[in-house]
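J.: Sequences and hints are given; from them, build the entire structure.
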Amino acid sequence: MESKEMRAAYADTLVELAATNPEIVVLEADLMRATGTGSFQKAYPDRLVNVGVAEANMVGIASGLSATGKIPFASTFGCFASRRAFDQFFLSANYARLNVKLVGTDPGVTAAYNGGTHMPFEDLALMRTVPGLTIAEPSDPASCAALVRAAAAMYGCVYLRLPRKAAPYLYGSGEKFEFGKSKVLKDGKDLCFVSLGALMAGECLAAAKLLEAEGINAGVIDALSLKPLDSPAILAAARATGRIITAENHQIAGGLGSAVAELLAENSFGGGFARVGVRDLFGEVGTQDYLMKRFGLTAADLARQARAMLGA
Amino acid sequence: MNKTRIGELEGIAREIRMLTIDEIGFLGVGHIGGAMSVVELLTLLYYEHMVVDPAKPRESERDWLVLSKGHAGPTLYATLAHKGFFPREWLHTLNQGGTSLPSHCDRNLTPGVDMTTGSLGQGFSAAVGVALGLLMQGRSSKVFTVIGDGESDEGQVWEAAMFAAHHKLDNLVGFTDYNKQQLDGTTKDILDLESLDEKWRAFGWFTQRVNGHDFASLDEAVRRAKANTGKPSMIVMDTIKGKGCSFAEGLVSNHNMSFGMEEANKAIAILRAETVGGGA
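So the protein sequences, as listed, match chains A and B. Counting in the numbering used here, the first sequence runs from 339 upward without gaps. Counting in the numbering used here, the second sequence runs from 190 upward without gaps.
I should point out that these hints are in silico values taken from the structure, not numbers from a laboratory. Do not take every clue at face value.
Under 10 Å between C-beta atoms, here's a sample of chain A residues computed to sit facing chain B [stated by the list, open to error]:
#: 1; residue: Glu361
#: 2; residue: Arg385
#: 3; residue: Val397
#: 4; residue: Ile399
#: 5; residue: Gly402
#: 6; residue: Ala434
#: 7; residue: Arg435
What you are looking at is a predicted structure, and each value in this text was computed from that prediction instead of being measured. Backbone N, C-alpha and C fix where the C-beta goes; we use that ideal spot for every residue, glycine too.
T.: Following this line, the structure appears as structure tokens:
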């Protein structure tokens, strides 16, 4: 399957947007070599602002830039984008109703060798509490490019969660994406996985394959947009299959699993429901494969959950 | 600046001071100390230096003011009302539900307020971002920003200070309201800032230190700051917390005070008597 680095999809799209929109600027906090926006700097040296190791200031400056009409994309590791610059993003950007696009890379276990200090399992939970904020985690290079374009096109703050590593294409170039809309990656009759992000989309598809061999027909919804959540599509899948399992590279508290649980409970869904994600643990160092097993995020974990729910 | 103009500005400052005391007194509680210490500065900026149009507060060619010490909002509101951005009657709506005048500045609620501030240190970064954005757009507008001395404890101030000097943002003029008192006590006791002007110089800013209540020297400093090129400017203003408000000036605990119209009117009467006696 063809793949592309997610950070390349991000940076290439910014270069493309900047060609026709002079207000697009990119901010970095000394992680440009990791987040991959060096190509943007090469193309538009005067429009990439590297603030040094100062994420709070980066978000403050991005807010000021947006007050003058600029459209700033500020990128850094997700742990710093959320935990370190949260008050700045909350107040200077969101509460002030400005137009800042914040990009948190290396989500969850993809932080791998950077370890627990750099492993955001809580960024989505924090961001979900910000009123009116748009939050998305693309699942492949095509959805990444499309959602970066969508973020630039709308007025208002956006938090995009991106792994920087290569991810296989799940969608063709003609596919349309918008905030608040999910995609059906696979139809299923017995249950439906709802996944967020490239990593978990891949694991859910693999789990569905494992289950298929056992005669269990599992569907996969690629949530893409955490806020707004595609409530109609998820509710419809819940009612059609009677069973929902969420899958996220994040704490089960406050992220996708919580959002779907709230949706289902508030709509009197009485079927099966389970959350696969990190269960109240801090991050650790290790290979991504090790960490996926350590935190129970693999296809095998998802399949086990499905079997348990079906009593199989 | 000639003596006549200084006299005029002193008269305006007195009116803005009276409006601010009345505004907070009508509510019954507020940040009177730090509101009083920036009266001369805001008067000078809005009546002598800033390019603004009260009828078009978002005019693209305007100068900007980011009051990073957002709790001094009531002084800014009194100044904007005095300047004609909105009716003076609004001042009595301070902090009431649905008001356009919240305790801390909000760019979306108040005509003439350029940035939402209140979480200390953040407005300063935003002002730096505005200055950068205006330079990128090739505009000649100036950005004025005011931080408190207690606010200078925030690390974000110094992150932004390094950035502004590195990027040679000479369209940015900062002011520190150095009234030597923060909420819990004196800056000397809580977290000593000295030597504050030397710190700013070391951070690469064109730095001046003046009496923040003296129009002649403050005006001279602002003129030099506006003419300065290649560096951002910081004017450290020695000020008095509660300045000119008879019942607040000189108190250690005047950061946020409860007082009613009776006290407010006494303080206003003293200022009014100065107007008559001083012949402004």
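J.: State for each hint whether it applies.
T.: Okay, the hints, checked on the actual structure:
1. Below 10 Å, beta-carbon pairs count as interface contacts, and glutamate 361(A) has one with chain B at about 9 Å; its hint therefore holds.
2. For arginine 385(A), the shortest C-beta to C-beta distance to chain B is roughly 8 Å, which falls under 10 Å, so the interface hint holds.
3. Hint status for valine 397(A): holds, given a least beta-carbon distance of 8 Å to chain B, under 10 Å.
4. Of the supplied interface hints, the one on isoleucine 399(A) holds, with its beta-carbon coming within about 4 Å of a beta-carbon of chain B, less than 10 Å.
5. Given hint, glycine 402(A) at the interface with chain B, holds; its Cβ is 2 Å from that chain's nearest Cβ, closer than 10 Å.
6. Evaluation of the alanine 434(A) hint against chain B yields a held restraint, the C-beta minimum of about 4 Å falling below 10 Å.
7. The closest approach between the C-beta of arginine 435(A) and any C-beta of chain B is roughly 5 Å, which is under the 10 Å cut-off, so the hint is satisfied.
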